[in-house]
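K.L.:
Take a look at the letters that make up each chain.
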Amino acid sequence: GIQVEQSPPDLILQEGANSTLRCNFSDSVNNLQWFHQNPWGQLINLFYIPSGTKQNGRLSATTVATERYSLLYISSSQTTDSGVYFCAAFYNQGGKLIFGQGTELSVKP
Amino acid sequence: DGGITQSPKYLFRKEGQNVTLSCEQNLNHDAMYWYRQDPGQGLRLIYYSQIVNDFQKGDIAEGYSVSREKKESFPLTVTSAQKNPTAFYLCASSIAGAGGSDTQYFGPGTRLTVL
Numbered sequence: 001g002i003q004v005e006q007s008p009p010d011l012i013l014q015e016g017a018n019s020t021l022r023c024n025f026s027d028s029v030n031n032l033q034w035f036h037q038n039p040w041g042q043l044i045n046l047f048y049i050p051s052g053t054k055q056n057g058r059l060s061a062t063t064v065a066t067e068r069y070s071l072l073y074i075s076s077s078q079t080t081d082s083g084v085y086f087c088a089a090f091y092n093q094g095g096k097l098i099f100g101q102g103t104e105l106s107v108k109p
Numbered sequence: 001d002g003g004i005t006q007s008p009k010y011l012f013r014k015e016g017q018n019v020t021l022s023c024e025q026n027l028n029h030d031a032m033y034w035y036r037q038d039p040g041q042g043l044r045l046i047y048y049s050q051i052v053n054d055f056q057k058g059d060i061a062e063g064y065s066v067s068r069e070k071k072e073s074f075p076l077t078v079t080s081a082q083k084n085p086t087a088f089y090l091c092a093s094s095i096a097g098a099g100g101s102d103t104q105y106f107g108p109g110t111r112l113t114v115l
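So the protein sequences, as listed, match chains L and A.
Residue numbering for the first sequence follows our numbering, starting at 1 and increasing by one per position.
Residue numbering for the second sequence follows our numbering, starting at 1 and increasing by one per position.
In case anyone wonders, no lab produced these hints; they're calculated from the structure.
Remember, predicted model here, so these are calculated numbers, not experimental data.
By construction, the Cβ of each residue, glycine as well, lies at the ideal position given by its N, Cα and C atoms.
Each hint should be verified, as a subset may be incorrect.
Label-pair restraints from in silico Cβ distances [as the list claims (entries may be wrong)]:
1. L:Gln-3 / A:Thr-20: 28 to 38 Å
2. A:Phe-12 / L:Asn-30: 19 to 29 Å
3. A:Asn-84 / L:Ala-17: 14 to 24 Å
4. L:Trp-40 / A:Asn-26: 15 to 25 Å
5. A:Thr-20 / L:Pro-39: 33 to 43 Å
6. L:Ser-7 / A:Gly-16: 19 to 29 Å
7. A:Val-52 / L:Ile-12: 26 to 36 Å
To give an idea of the interface, some chain L residues facing chain A are shown, with a C-beta separation under 7 Å as derived from the structure [unchecked claim]:
8. Pro-39
9. Gly-41
10. Gln-42
11. Leu-43
12. Tyr-48
13. Lys-54
14. Phe-99
15. Gln-101
16. Gly-102
EDC-like mimics (lysine to aspartate or glutamate), calculated; alpha carbons at most 20 Å apart, straight line [as the list claims (entries may be wrong)]:
17. A:Lys-9 / A:Asp-38
18. L:Lys-96 / A:Glu-15
19. L:Lys-108 / A:Asp-38
20. L:Lys-54 / L:Asp-10
21. A:Lys-9 / A:Glu-72
22. L:Lys-54 / A:Asp-102
Make a model of the complete structure from these sequences and hints.
P.N.:
Given below as structure tokens:
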């Protein structure tokens with residue numbers, strides 16, 4: 001079946017460090033979203049990025065659809081960035097959003 | 001405020017009971033979704049609805065039921081047939097139903113525990 005794989009599964013950073021999270025998907029996608037799940041479980045939309053590059057403050061994302069991967073960059077990390085980051089891909093054939101297993105990020109002060 | 005609300009935040013159920021989780025949105029979105037999340041896992045789709053009075057099974061629909069009588073409401077019932085219902089349940093909505101590739105927005109979730 002169609003798969004979405006994220007790496008690394010866990011990441012520990014010192015405050016101020018930069019990081020790159022990766023999302024690989026096994027088929028062509030119509031929609032690729034990045035989410036941040038905070039410690040209370042709320043999923044926050046970060047990016048809707050089926051292709052190209054977008055930036056929002058310290059976060060940016062790039063999706064290379066032809067090579068079937070997306071990257072999320074976090075610069076100058078803060079403790080409030082801690083939580084789990086999910087990517088999710090939408091495949092027209094299945095008609096649903098498929099989530100990766102997430103990357104758990106912990107930023108230490 | 002526009003958004004998606006879920007209630008209750010925490011729910012405890014005895015074995016053999018049916019329980020209903022509420023999801024309401026005032027974003028005027030056509031499509032609504034229910035997901036289940038288990039510890040350390042991603043989200044899995046239970047049911048979705050692209051339009052009022054219509055809904056489709058997702059990947060793990062067994063033991064669950066839904067209704068969509070109003071555009072803004074999409075309640076999920078966890079029945080006694082669901083063998084392992086303890087999980088975190090998330091509701092989402094998106095603008096358009098057809099295709100479903102629009103951005104999905106999520107509610108705050110309900111944590112269900114079976115005693």
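K.L.:
Evaluate each hint against the coordinates.
P.N.:
Tested hints:
For the pair Gln-3 (chain L) and Thr-20 (chain A), the beta carbons lie near 33 Å from each other, so the given range of 28 to 38 Å is met. Distance hint check: the CB atoms of Phe-12 (chain A) and Asn-30 (chain L) are about 39 Å apart, inconsistent with the given range 19 to 29 Å. At about 39 Å, the CB distance of Asn-84 (chain A) to Ala-17 (chain L) disagrees with the hint of 14 to 24 Å. Checked against the hint of 15 to 25 Å, the C-beta distance between Trp-40 (chain L) and Asn-26 (chain A) comes to roughly 21 Å, which is consistent with it.
At roughly 27 Å, the beta-carbon separation of Thr-20 (chain A) and Pro-39 (chain L) lies outside the given 33 to 43 Å, and the hint is violated. The hinted range of 19 to 29 Å is not satisfied by Ser-7 (chain L) and Gly-16 (chain A), whose Cβ atoms lie roughly 42 Å apart. Between Val-52 (chain A) and Ile-12 (chain L), the C-beta spacing of about 46 Å breaks the proposed range 26 to 36 Å. With a least beta-carbon distance of about 12 Å to chain A, the hint placing Pro-39 (chain L) at the interface is violated under the 7 Å criterion.
Taken as an interface hint, Gly-41 (chain L) checks out: its beta carbon lies about 5 Å from the nearest beta carbon of chain A, inside 7 Å. Because the beta carbon of Gln-42 (chain L) sits about 5 Å from the nearest beta carbon in chain A, less than 7 Å, this interface hint is met. Proximity of Leu-43 (chain L) to chain A holds as hinted, the smallest CB-CB distance being about 4 Å (cut-off 7 Å). Using the Cβ-Cβ criterion of 7 Å, the hint placing Tyr-48 (chain L) at the interface with chain A is satisfied: the shortest such distance is roughly 5 Å.
A least Cβ separation of about 12 Å between Lys-54 (chain L) and chain A goes past the 7 Å threshold, and the interface hint is therefore violated. Against a cut-off of 7 Å between C-beta atoms, the interface hint on Phe-99 (chain L) holds, since the closest Cβ of chain A lies about 4 Å away. Interface hint status for Gln-101 (chain L): upheld, as the beta-carbon distance to the closest one in chain A is roughly 5 Å, under 7 Å. Checking Gly-102 (chain L) against chain A by beta carbon gives a least distance of about 6 Å; that is within 7 Å, so the hint holds.
Restraint check for Lys-9 (chain A) and Asp-38 (chain A): satisfied, since their Cα atoms lie roughly 16 Å apart, inside the 20 Å limit. For a cut-off of 20 Å, the pair hint linking Lys-96 (chain L) to Glu-15 (chain A) is broken: about 31 Å separates their Cα positions. Distance check on the hinted pair: Lys-108 (chain L) and Asp-38 (chain A) sit about 26 Å apart at the alpha-carbon level, beyond 20 Å; violated. For the given pair, Lys-54 (chain L) sits about 24 Å from Asp-10 (chain L) by alpha-carbon distance, which is inconsistent with the 20 Å threshold.
Of the supplied pair hints, the one linking Lys-9 (chain A) and Glu-72 (chain A) holds, its CA atoms being roughly 19 Å apart against a limit of 20 Å. In summary, the hint linking Lys-54 (chain L) to Asp-102 (chain A) is supported, as the alpha carbons are separated by about 17 Å, within the 20 Å threshold.
Of the numbered hints stated above, those contradicted by the structure are hints 2, 3, 5, 6, 7, 8, 13, 18, 19, 20, listed in ascending order.
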